Every structure is written in structure tokens, then in C-alpha cells.
Amino acid sequence: MSQVPPAHPPKISLKNVHKAFGPKVVLNGIDLEVGRGESLVVIGGSGTGKSVMLKCILGLLSPDSGSIRVDGEETTKLRPREREKLLHKFGMLFQGAALFDSLKVWENVAFGLIQGEHMPRAKAKDIAIAKMGAVGLGPEVGELFPSELSGGMQKRVGLARAIADEPEIIFFDEPTTGLDPIMADVINELIVKCVKDLGATAVTITHDMASARKIADRVAMIYQGRIIWTGHANDIDNSGNPYVDQFVHGRGEGPIKMQVRAL
Amino acid sequence: MGFLAATGRAFLIFLEATGKLAMFTGAALSHCVRPPFYPRQILRQMIDIGYYSLPVVGLTALFTGMVLALQSYSGFSRFQAEGAIATVVALSVTRELGPVLGGLMVAGRIGAAMAAEIGTMRVTEQIDALSTLSTNPFKYLVAPRLIAGLAMLPLLVLVADIIGVFGGFLVGVYRLDFNPASYIGRTWEFLEPIDVISGLVKAAVFGFMVSLMGCYHGYHSRGGAQGVGAATTNAVVSASILILVWNYLITGIFFSTK
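Residue numbers (the numbering used here), protein chains in the order written: chain Z, 1 to 263; chain P, 1001 to 1258.
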């Protein structure tokens, strides 16, 4: 659906990004482009560098070399203040939801509005309750604390928080991990809906193929710190790439050997 | 050669840790004085450090004052110096025992809690989440704790001073049969402002150290529950040692006669 108009630079572009922790090379020359309004799903096994890639784009980690551009603007050398401004464009749903457990649910959802954009609390609460409605949570949930919610509900709150200040780019870090298949599908549906409603650019990392098929416009596969295949979501079953085939069909035998050590 | 290599490695690790701590401290201090500030967070920490530590610090001070009176009575009576007890209690509590024991108790209570809370936030990605919500974790988490530690410990120690002297008074009057009026008179007679002030300066430094160690170890914790546990231990141990070292240094600055 999303051919990038040539006049616009890609929303996110990574060129030859490297990142190593000590002797352990995690990103080994990542090249990736995400078009405006596109939903890209990055698939790959555990410990192949998916999360590190997202954290490099956000600036939570700084890459050793290479270029990361957002809206055509180089971001690897940003000063902290400029970085904070840039992060206004981003929202992120973390794997474990990463809700602030000392704050009520509505305060979590409104956090970016109150602290980041200095909105009055009452107004932010109204927006938070509206956003919670968008992910199927009633206003009474807002008065609870995150520890009182189930895993699926926490994911919903995390999603509401990620979309609360209407970001241009949303990252989803393994959004369905740890959920039952029904709740996983509910979350997938919500992700698709929220991204559409916002018209946002989305990058999801996952190893859940059902989720990937549902969310993706385009799919990229990461293996040993490189993007080894990208293609349209419909082409994933006949990619002609043995690595992708093995991953998509979940075979133990194939060119991919399991890593023993975590990153 | 193996011995030299091991020594060198240990020295390099020490230098690296020192540099990391210095940079953390510098960054944290610079965020303490630059807006935006988070008054809600500062207030929350102040209540936690100042108000909820009162029972622990108060009890510590009370029994310290009581035991001081008892001990110095049994010691001083050997050379008929019982009259100096009130002065000894007042000087010891305000100069040394109030700030040091108060600081150590707060290190156990607050330093551990800070390291555990921030460490858990680190391993559950809540600190990363702060950044993605355009909130600087140094400003939101670290600066309020440092400010609260620095501000509240002197107040806490001031209360501890009063309770400690009162503990000595209780033992002196009800157990050792001193005249209440003369005990109080003796307490004031040789007490100078510098005794109390030096104790409060110590308290401010100790409060800063406790918060700094709690935040530093929590912020750099790694790898799940075990990592948070290690961070908590390190926070308490390093804060306690820093308190004892700085206690000596500050005493030297205030009272060295040479």
C-alpha cells in the first residue's frame, strides 16, 4: 500500500549500522528503510539484534558506526535536548509493557502529555480516558494500579500510553509475547486499528508469524545482525530464501543454528 | 606476570568504576539545577526520606543517648568525673553519633529502597519508557532523590540530636539520680553552635551520598532479580563506607587544630 513518494525522504532510514557490546557484535551493518505510513515487521530469532536496533533508532543506545536518519535528518550525533525533541515523534509499546507501577493506570497513559508536553492534569486525564476507550478499557480501569491488571490488560494500557500523544512513529517490541492466542489477536487488531487511525509509521519486531501476517505491509528478516531479506507481506511464503523459509515454517532443521548465549 | 596482569586489571576496573561514578554524579548534579523540575517527585521523596525515617532514626538516637550516659557514668566514675556526663552526651551526639548513626540507618532504609526501585525500573524497561515519553530519567528519578536526601537528612539529624540528648537526660535523671536542672544546665554549658552545625553539614553530605549510591547502583543494575539484589547490596555497603570515610574527612576540616 505504501510506495514512498520520491519527493519525501523515507521516514526512517538506517545505513550500515554497527553495534557491538565488547567482543560481541550485535548489529553488523544494518540497512533498512521504512516509508511514511508504512507498517514494517522485523522478524528474527531471539538474540539476533532486533531490540538493539530499535533502541539505536530511539537513541537509548548509540551505534558504533553508520547512519540513522528520521525524516531525512541524521540522528546519531544529536545533543540530548534535540534528542528529547525528536522523541516526541515516537511512541513505543514495550515487551513487558513497562508501565510505571507507582502511578495509576490513567497517569501512565497521560504521562507523556503531563510530563513531556506540560498539559494540565485534568485535561490530560480526559485524553487518557479517551485513549483507553480506543483500546477497549473503561474509565474505571484508570483508577487501578498496573499490578492489578492481567498481562493482556497491561499491554492494552501500554498501547494506550504509546498512542496518547499521537506519535508519527510507533515501535512495537514483541507485542504478543506472553499472551494467549485470543488476547494476542485482540492486541494485533488494536495495533492495526491504532496505526491506521493515527496514520502513523509502525515498526514491529516479533517472532510470532501470526502477528506478523496481520500487522505487516512489508516484512524484513534480521539474522546475525544484518537484514537478509525484505519483501511484501504477501510474498513471505515464497520468499525463495532458505533462512526466511525455515523461520516462517518454524523448522528446527535448516541454515539457522540456534544461539546458546544471550546477548 | 600473572600477578602483574591481575593487579593491572583490578586497577583498570577501579579507574573505570571511578570515572563512571564521577560522570554519573556530574550529570545528576547538572540536572538538579536545570529545569524542568518535578516538585511532585521531590515532595514524595522528601516525605519518604524525612518523615518515614523518623521512627528508625529517633529510636536509634534515643538508645544511643541512653547508652552513652550509662557507659560514660561507669567509666567516668573511676576518676570522679561524673559531672561531665551531660557534656559528653551532648557533644558526642551532635558531632558524631547523630549524623553517623542516622546516616547509616537511612542508608539501610532509603539507599536500599532507591536501588531496588530504580533497579527494577531498569530491568523492566521503565527507564527506557521514560525516555520515549520525552522525560529525562536523570531529571525525573535521580535529581529529586538527590535533592531530597541533601535537604532532609540535616532535619532528620536535628531531631535525632534532640532525642539523643533527651535519652541521655532520661538515664541521667531517672537512673543515675542527677538533678534535672543541673543536667540541662551542663548540657548547654559547653555546647557550641559549631558542634551542631558540623553535624548538620555531615548529615547533608551523608544524605547526598546515600541517595547518590542508591540511584547509581539502581540505574546501572543488570540482569533481572539477581542484578537488582546485587544493586541493593552495593548501594547500602558503598553508602555506609562513604559515610564513614567522609565523616573522618569532614571532622578533619572542621576541627583539625593544626
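Careful: at least some of the hints might be erroneous.
List of simulated lysine-lysine pairs, DSS-like, C-alpha gap at most 25 Å [what the hints assert, rightly or not]:
| no. | chain 1 | residue 1 | chain 2 | residue 2 |
| --- | --- | --- | --- | --- |
| 1 | P | 1020 | Z | 125 |
| 2 | Z | 89 | Z | 125 |
| 3 | P | 1020 | Z | 123 |
| 4 | Z | 89 | Z | 77 |
| 5 | Z | 24 | Z | 85 |
| 6 | Z | 89 | Z | 24 |
Calculated directly from the structure, the hints in this document are not laboratory data. Keep in mind it's a predicted model, so treat the numbers as computed, not measured.
So, going through the hints one by one against the coordinates:
Proposed proximity of residue 1020 (chain P) and residue 125 (chain Z) is contradicted: the alpha carbons are some 39 Å apart, above 25 Å. A distance of roughly 21 Å separates the Cα atoms of residue 89 (chain Z) and residue 125 (chain Z); the hinted pair therefore holds under the 25 Å criterion. For the proposed pair residue 1020 (chain P) and residue 123 (chain Z), the alpha carbon gap of about 41 Å is over 25 Å, so the pair is violated. Of the supplied pair hints, the one linking residue 89 (chain Z) and residue 77 (chain Z) holds, its CA atoms being roughly 17 Å apart against a limit of 25 Å.
Taken as a hint, the residue 24 (chain Z) and residue 85 (chain Z) pair is broken in the structure, with Cα atoms around 32 Å apart against an allowance of 25 Å. For the hint linking residue 89 (chain Z) to residue 24 (chain Z), the alpha-carbon distance of about 31 Å lies beyond 25 Å, and the restraint is violated.
Violated hints for the displayed structure, listed by number in ascending order: 1, 3, 5, 6.
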